[in-house]
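Asker: Sequence:
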Amino acid sequence: YMAFPAVAAVLIGGASTKKIKISHVLIGTFLFQGLLTVVLPVANQVFPEGNLSEVIRMIVQNGIILYALTKAGGVV
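Residue numbering for the sequence shown is 1111 to 1186, as defined by our numbering.
If you are wondering where the hints come from, they were derived from the structure by calculation, not from laboratory data.
Among the hints, erroneous ones may be present.
Stated by the list, open to error - DSS-like cross-link-like pairs, simulated, lysine-lysine; straight-line CA separation at most 25 Å:
| hint | residue 1 | residue 2 |
| --- | --- | --- |
| 1 | Lys1181 | Lys1128 |
| 2 | Lys1181 | Lys1129 |
| 3 | Lys1131 | Lys1181 |
Assemble the whole structure, with the sequences as input and the hints as a guide.
Answerer: Following this line, the structure appears as structure tokens:
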């Protein structure tokens, strides 16, 4: 589970399954952490009971990975 946030950040930065650059890592890390910084406090306010923010974080990161892998063919 430790590599999922890193993979999600790199993929949201624009990397593909065949090519990755340092710029993808930097942009993706900024976007992914920004997304989590905004989404998790809002989720805690909307659903105050339980540990729902952790579940939402996992759904977001796994959703990003799943979306990127379904688009593995790239733009034609």
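Asker: So, for every hint listed, does it hold in this structure?
Answerer: Each hint, compared with the structure:
1. Lys1181 with Lys1128: 12 Å, holds
2. Lys1181 with Lys1129: Roughly 14 Å between the alpha carbons, so the hint for lysine 1181 and lysine 1129 holds.
3. Lys1131 with Lys1181: Distance of about 18 Å is within 25 Å: holds.
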